[in-house]
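J.: These protein sequence lines are chains A and B, in that order.
Oh and the first sequence: position 78 is 77 in numbering that gives the first Met the number 0, straight run, nothing missing.
Oh and the second sequence: position 238 is 237 in numbering that gives the first Met the number 0, straight run, nothing missing.
Some hints here could point you the wrong way.
So, partial list: chain B residues that the calculated Cβ filter (under 7 Å) puts toward chain A [said to hold, decoys possible]: (1) P46; (2) A127; (3) P139; (4) D320; (5) I351; (6) G356; (7) V360; (8) G362; (9) H402; (10) F403; (11) Y435.
Lysine to any residue pairs mimicking SDA-like chemistry, simulated, CA-CA at most 25 Å apart [what the hints assert, rightly or not]: (12) K27/A - R271/B; (13) K74/A - Y355/B; (14) K74/A - A272/B; (15) K27/A - T349/B; (16) K74/A - A445/B; (17) K74/A - R284/B; (18) K74/A - P341/B; (19) K74/A - E365/B; (20) K425/B - E367/B; (21) K27/A - A136/B; (22) K27/A - E25/B; (23) K425/B - Y355/B; (24) K74/A - T349/B; (25) K74/A - K324/B; (26) K122/B - A445/B; (27) K74/A - L261/B; (28) K27/A - A272/B; (29) K27/A - G216/B; (30) K74/A - K122/B; (31) K27/A - R282/B; (32) K324/B - G51/A; (33) K74/A - G140/B.
No lab work stands behind these hints, which were simulated from the structure alone.
The beta-carbon is built from N, C-alpha and C at its ideal position, and this holds for glycine as well.
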Amino acid sequence: MTRLVDVASVIRSKNAGPYELTLDVIFKDRAWYDRALREDLINPALIARLYGVPLHDVLGIVAFEPANAIKATIKRPMVSGAIGETDVYGAQQHAPLLTLRFGNDPE
Amino acid sequence: MPALPPIRILSPTAILGYGFPAASFEAGLALNPDVIAVDAGSSDPGPYYLGAGVSFTDRTAVKRDLRHMLIAGRARGIPVLVGSAGGAGARPHLDWTVDIVREIAREEGLAGRLAVIPSDMDKSTLMAGLAAGDLIALPPGEAATPEDIAQSTYIVAQIGEEPLIAALQAGADVVIAGRCYDPSVFAAVPILRGYPRGLALHMGKILECAAIASLPGSGSDCMLATLDETGFVLETLNPARICTVTSVAAHTLYEKSDPYHLPGPGGALNLRATGFEQIDPARVRVTGSVFEPSDGYFVKLEAARIVGYRTVSIAGARAPDFIAKLDEIIAGVRARVFDNFPEMQAGNATLIFRIYGRDGVMGALEPERGALPHEVGIVIEAVADSQDRANTICSFARSTMLHFGYPGRVSTAGNLAFPYSPSDFKAGAVYGFSLYHLLRVTDPVAPFPFVMSNLEDPA
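So here's chain A without its partners, still in its complex pose (with noise of 0.2 Å):
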């Protein structure tokens, strides 16, 4: 079945601020981004389980059509650069997106 790795040319992450961790995952095309969108294939209670956060900590999530992108926001585990930090530019927290699949598959 369909990865959300093999139909996405970016999928990444990035500080917000120091206070928020902001998801990006850019579609191919707008097919793809229309049936993410259809299926609700990103959405809060997705990304709280996920990253192991509460869903109170999934601060929002934004469909952005002129890049056939959606965005996912969740506060960070600590504001950037505390004592304890272990990603400053929040560059590398993408990874759990990648074990998407469409039709909520089994992996």
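Given the coordinates of chain A, work out where chain B should sit on it, guided by the hints.
T.: Showing chain B alone in chain A's frame:
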């Protein structure tokens, strides 16, 4: 009213000091830009650089980029603007950059009017602002306290385009500004000349990362925008890169939680009606972005303070039994350190074990922590209220872990592989962000006056 002629803005690189191919810059000059502007900063590299007053970029690399820009700007009589000087944009970063500018001017015999715009905030002003309710938290951040202000080593505001415009109106040829809202340096000249603020700022938002918005993206190549009264066209200056609707639109998402609503000084960009159009195989036209002024004018503050001193020790482990029991071993080492140094329990020191190969990158967010690797990298880190104490805690934790006995241990000569001698590294002062809040100002220009001099003046 007669139509304004198109205005061209050249952005040489994503961060001053990240470099650009000379051929790309020359190709940009061949298109007769009206402005050369660059963003020199970011808060991305973390609180240290702001708090310590040092640049995260290299002086020689910054000088190389600035030399190209200043020579071209003065030869053509077009303004050169640098925002967020020195990376974090506080006074020492600004002075560091101005020193480089004067050095280049001297070496190249450049003359012209130089405006320097500090964006540091005075602590007493902020204390008064806090008391008046003008210092506002940005969720999920918490409300500021007087201690946050008092303990900060440097406090900067991300200034809008207005203080830059004031300097340009006074005749500045070169503007070196402290911390700026990233788009400000690109939007200042167009807004001064009457182009729509929303389009100018959206253009600046894309130009601030230069060729990162192209395909293949690069943080060290040039980008040029041509702005008119209804939109702007983006183009690369390197035949190896193109702008596509996706590359440009994708950049609008970058580092933002909501791409349709991008707040900045004095208001927000609304991109609900923005259109991205591929006008030829390499260029994209953007239209429809509008600026919506906010009720009151707010600037974003950034500040950092010392939170301790750090020492780290780097090691690895290859023994399967050790890796399998790592959590117990770490708990045992931690208990031994606490037992020997009870002051740790008073909160004067923090001991951290980072396990690369398991959850060193994602920490609490790691979903696959249970999968055991055949090898792990270990960083033992102590942060304490003095460098001496951090050294002691790190050293003691390292030696304890090296020889820690655990059930079933067969490699009794030592648990850790050290790549270095000495094994421990003093990392010095550790900074944390102390402010990331909004401040209401009554005037976007008055708190950030420029200082005008001549490029050729001695420092």
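J.: Does each hint fit the structure? Answer for all of them.
T.: We went through each hint and held it up to the structure:
1. P46: holds, 5 Å
2. A127: At about 25 Å, which exceeds the 7 Å cut-off, the nearest Cβ of chain A leaves the hint on A127/B violated.
3. P139: holds, 5 Å
4. D320: Violated. Min distance 26 Å.
5. I351: Hint holds; I351/B Cβ to chain A Cβ min 6 Å, cut 7 Å.
6. G356: Status violated, d = 13 Å.
7. V360: Holds: closest Cβ of chain A sits about 5 Å from V360/B, inside 7 Å.
8. G362: This interface hint holds because 4 Å falls under the 7 Å limit.
9. H402: At about 26 Å, which exceeds the 7 Å cut-off, the nearest Cβ of chain A leaves the hint on H402/B violated.
10. F403: violated, 22 Å
11. Y435: Status holds, d = 5 Å.
12. K27/A - R271/B: holds, 22 Å
13. K74/A - Y355/B: holds, 23 Å
14. K74/A - A272/B: Distance ~28 Å between K74/A and A272/B Cα, so the pair is violated.
15. K27/A - T349/B: Outside the cut-off at roughly 45 Å; violated.
16. K74/A - A445/B: Given that 25 Å is the threshold and the Cα spacing comes to 35 Å, the pair is violated.
17. K74/A - R284/B: Distance ~34 Å between K74/A and R284/B Cα, so the pair is violated.
18. K74/A - P341/B: With a Cα-Cα distance of about 34 Å, the restraint between K74/A and P341/B is violated, given a limit of 25 Å.
19. K74/A - E365/B: holds, 15 Å
20. K425/B - E367/B: violated, 32 Å
21. K27/A - A136/B: Judged against 25 Å, a Cα distance of about 38 Å means the pair is violated.
22. K27/A - E25/B: It is violated: about 34 Å lies between the C-alpha atoms, which goes past 25 Å.
23. K425/B - Y355/B: Given that 25 Å is the threshold and the Cα spacing comes to 20 Å, the pair holds.
24. K74/A - T349/B: Holds, at roughly 23 Å.
25. K74/A - K324/B: Violated - the C-alpha atoms of K324/B and K74/A are around 31 Å apart, more than 25 Å.
26. K122/B - A445/B: It holds: about 16 Å lies between the C-alpha atoms, which stays within 25 Å.
27. K74/A - L261/B: holds, 18 Å
28. K27/A - A272/B: With a Cα-Cα distance of about 22 Å, the restraint between K27/A and A272/B holds, given a limit of 25 Å.
29. K27/A - G216/B: Distance of about 16 Å is within 25 Å: holds.
30. K74/A - K122/B: violated, 29 Å
31. K27/A - R282/B: This hinted pair holds, its Cα atoms lying about 19 Å apart.
32. K324/B - G51/A: holds, 23 Å
33. K74/A - G140/B: holds, 10 Å
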